[in-house]
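Asker: Could you build all of it, start to finish, from the sequences and the hints given here?
Going line by line, the protein sequences match chains A and B. Just so you know, the first sequence maps onto residues 62 to 380 in the numbering used here. Just so you know, the second sequence maps onto residues 62 to 380 in the numbering used here.
Please note that a few of the clues may not be correct.
Since the list can't tell identical chains apart, any single copy or any two copies may satisfy a pair.
[What the hints assert, rightly or not] Straight-line Cα separation of at most 27 Å, DSS-like style, residue types lysine-lysine; simulated pairs:
1) 69 <-> 311
2) 197 <-> 96
3) 348 <-> 158
4) 365 <-> 292
5) 93 <-> 154
6) 93 <-> 197
7) 298 <-> 228
For the record, the hints were derived by calculation from the structure and aren't laboratory data.
2 protein chains.
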Amino acid sequence: MHEFEIIKKYFSKLSLDNKSSLNLNDDVFFDKSRKLIISTDTYVEGVHFINFNNPDLVIKKIIRSSISDLICKGVNPKYYFISGSGNNNLFSKKNLKLITKSLKQEQNKYSIFLCGGDTVFSNKLSFTITSVGFSKRIVFRNKARLNDDIYVTGNLGDSFIGLMVLKKRITLNKYLNKYFINKYYHPDLQINLSKKLLSFANTSIDISDGLISDLEKMINNQKLSYKLYLKNIPVSKNLNKLISAKIIKKISSISRGDDYQILFTASPSKSRIIFKTSRSLGIKISKIGKICNHFQKPQIFNEKNEIIALKNKGYFHKF
Amino acid sequence: MHEFEIIKKYFSKLSLDNKSSLNLNDDVFFDKSRKLIISTDTYVEGVHFINFNNPDLVIKKIIRSSISDLICKGVNPKYYFISGSGNNNLFSKKNLKLITKSLKQEQNKYSIFLCGGDTVFSNKLSFTITSVGFSKRIVFRNKARLNDDIYVTGNLGDSFIGLMVLKKRITLNKYLNKYFINKYYHPDLQINLSKKLLSFANTSIDISDGLISDLEKMINNQKLSYKLYLKNIPVSKNLNKLISAKIIKKISSISRGDDYQILFTASPSKSRIIFKTSRSLGIKISKIGKICNHFQKPQIFNEKNEIIALKNKGYFHKF
Chain A
62 MHEFEIIKKY FSKLSLDNKS SLNLNDDVFF DKSRKLIIST DTYVEGVHFI
112 NFNNPDLVIK KIIRSSISDL ICKGVNPKYY FISGSGNNNL FSKKNLKLIT
162 KSLKQEQNKY SIFLCGGDTV FSNKLSFTIT SVGFSKRIVF RNKARLNDDI
212 YVTGNLGDSF IGLMVLKKRI TLNKYLNKYF INKYYHPDLQ INLSKKLLSF
262 ANTSIDISDG LISDLEKMIN NQKLSYKLYL KNIPVSKNLN KLISAKIIKK
312 ISSISRGDDY QILFTASPSK SRIIFKTSRS LGIKISKIGK ICNHFQKPQI
362 FNEKNEIIAL KNKGYFHKF
Chain B
62 MHEFEIIKKY FSKLSLDNKS SLNLNDDVFF DKSRKLIIST DTYVEGVHFI
112 NFNNPDLVIK KIIRSSISDL ICKGVNPKYY FISGSGNNNL FSKKNLKLIT
162 KSLKQEQNKY SIFLCGGDTV FSNKLSFTIT SVGFSKRIVF RNKARLNDDI
212 YVTGNLGDSF IGLMVLKKRI TLNKYLNKYF INKYYHPDLQ INLSKKLLSF
262 ANTSIDISDG LISDLEKMIN NQKLSYKLYL KNIPVSKNLN KLISAKIIKK
312 ISSISRGDDY QILFTASPSK SRIIFKTSRS LGIKISKIGK ICNHFQKPQI
362 FNEKNEIIAL KNKGYFHKF
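Answerer: This is how it looks when you write it as structure tokens:
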């Protein structure tokens with residue numbers, strides 16, 4: 062069963078039935094009257110991270126993944142809680158030192174504070190992180206409007222190449238290996254853009270599962286469709302090198318997940334303010350497509366304006 | 062390493078360093094300025110519950126275990142988040158029906174609402190529950206005072222007998238088996254006492270790991286000790302039957318955990334109001350001992366006023 066069906070069929074009736082909650086239809090919970098936003102996510106070894114050989118890197122990645130859910134909604138994270146389940150190795154002195162050093166660095170980088178958690182013995186390594194923030198308003202899911210432009214921050218695909226390098230599915234030179242692995246473990250969160258989103262985005266999501274997967278999630282309850290222009294989808298200089306060298310096709314690299322960039326839509330009238338904000342903050346923002354009527358199927362156009370098929374849309378949560 | 066040492070040595074420096082936080086020294090996080098209380102706990106199959114053969118019962122138990130952390134602090138829980146990791150079996154239609162039915166019943170019983178969560182595939186079954194409540198004040202840990210009386214609500218030990226029945230370590234008649242198993246899965250939370258605690262308790266904790274283990278946790282940062290009177294420690298009529306029949310010794314049954322009763326201390330001057338509250342709410346509250354100077358070792362007295370040794374203090378979290 063698809064994650065959405067599970068939520069819709071079984072869990073949605075358990076949620077608060079008023080406007081202050083999101084009825085489980087978003088990545089975050091929002092209590093408007095208390096200006097409170099909470100997001101919780103679980104990360105399992107072998108599913109969300111390959112292994113725990115580099116605890117410091119894994120911890121950074123999952124903290125960023127968690128607070129990304131708030132940042133993409135226009136909310137600065139303030140507190141986080143971390144619960145770790147694992148065997149004695151997880152709680153070795155060496156690992157505890159590495160874990161807390163990483164947490165401290167992330168705290169300084171994003172102005173967040175550890176406020177609690179749990180440590181549990183288990184033969185399976187996993188973490189649950191709960192992030193908490195405060196805001197009067199947030200950018201919701203499923204609020205795209207017909208003819209909205211679709212935007213994305215930063216670059217896509219680097220993290221996927223990093224994962225391929227780590228999994229030894231691809232071998233590059235030392236510099237590129239290091240570059241892509243770093244992008245996998247240290248996604249660039251656009252925290253400085255966060256609050257600005259509230260002034261122009263109609264709807265938003267962070268790209269964790271993949272561009273297309275998350276785009277479809279962002280509009281999943283709406284009678285809308287989309288067009289994307291491959292040439293406008295932003296990739297890094299280093300990923301462009303691989304594409305030019307025909308090591309990977311662009312279309313195969315841009316919807317594989319773990320990017321943690323912000324995908325949002327905005328009215329065409331907001332275009333100027335968006336690019337002005339992009340310049341003033343020094344944050345890359347690319348217009349990559351358009352929201353259209355649901356009578357049209359989703360379409361991706363290549364540089365010759367031909368419709369192309371996307372084999373891998375990203376990760377869809379199924380059970 | 063002991064859980065406290067891990068927190069003190071590694072994690073405490075990561076917490077907020079002001080009076081509004083608890084510096085990870087309590088079971089809950091309290092943001093005084095926002096009147097916000099959050100607690101998060103992870104429950105693993107084989108550690109916190111035997112198996113998932115009765116999803117409806119396991120879910121009730123872990124929800125109560127989670128909100129108990131707030132209730133014992135004088136806070137009514139309002140929201141909860143549940144993240145489940147497991148294989149396809151966890152997310153079967155049958156299980157999802159049982160799980161959501163149980164959640165609905167607990168929601169009605171305790172006026173709480175599901176606000177989010179996560180579903181993750183893993184070969185190890187575990188749940189993380191985050192409970193959220195709102196209150197201007199809470200009852201803290203480590204605020205006992207010299208000569209305080211020690212109180213406990215309800216009865217202790219029934220849940221442990223239930224666990225022994227489930228593990229087939231003890232066989233009783235059908236009625237008693239059912240009684241104790243029910244107490245194991247459905248601990249009686251004293252939610253009606255919750256708010257009243259703020260008017261008389263100096264410090265409090267819920268008994269999840271065992272009377273002595275939690276008592277020592279409640280005063281672990283204080284230069285204090287305690288005396289307990291075995292005869293005053295409350296047990297149910299049914300547990301008393303087992304004790305009279307010499308199936309189990311009282312001392313062996315009262316500190317084994319999973320009771321989820323509230324342990325608190327209060328000034329002797331509060332005795333009258335406490336018993337008045339007990340009568341008016343119909344909630345059993347027993348005075349079981351006294352907080353004393355740390356020059357004395359902790360002592361438990363039997364009915365002949367002899368000091369007795371307690372072999373099993375309950376569960377201590379070690380790694």
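Asker: Give a verdict on every hint.
Answerer: So, going through the hints one by one against the coordinates:
For a Cα distance limit of 27 Å, the shortest separation of residue 69 from residue 311 qualifies neither inside one copy, at 35 Å, nor across copies, at 49 Å. Both within a single protomer and between protomers do residue 197 and residue 96 lie at most 27 Å apart by alpha-carbon distance, with minima of 5 Å and 16 Å respectively. For a Cα distance limit of 27 Å, the shortest separation of residue 348 from residue 158 qualifies neither inside one copy, at 42 Å, nor across copies, at 43 Å. In this assembly of identical chains, residue 365 and residue 292 lie within 27 Å of each other by CA distance solely inside one copy; the values are 10 Å within and 87 Å between copies.
Proximity of residue 93 and residue 154 under a CA criterion of 27 Å is satisfied in neither setting, with 42 Å inside one chain copy and 33 Å between copies. Taking the shortest Cα distances, residue 93 and residue 197 sit within 27 Å of each other both inside one copy (7 Å) and across copies (19 Å). For a Cα distance limit of 27 Å, the shortest separation of residue 298 from residue 228 inside one copy, 22 Å, qualifies, whereas the shortest one across copies, 61 Å, does not.
Hints 1, 3 and 5 from the list above are not met by this structure, while the remaining hints are.
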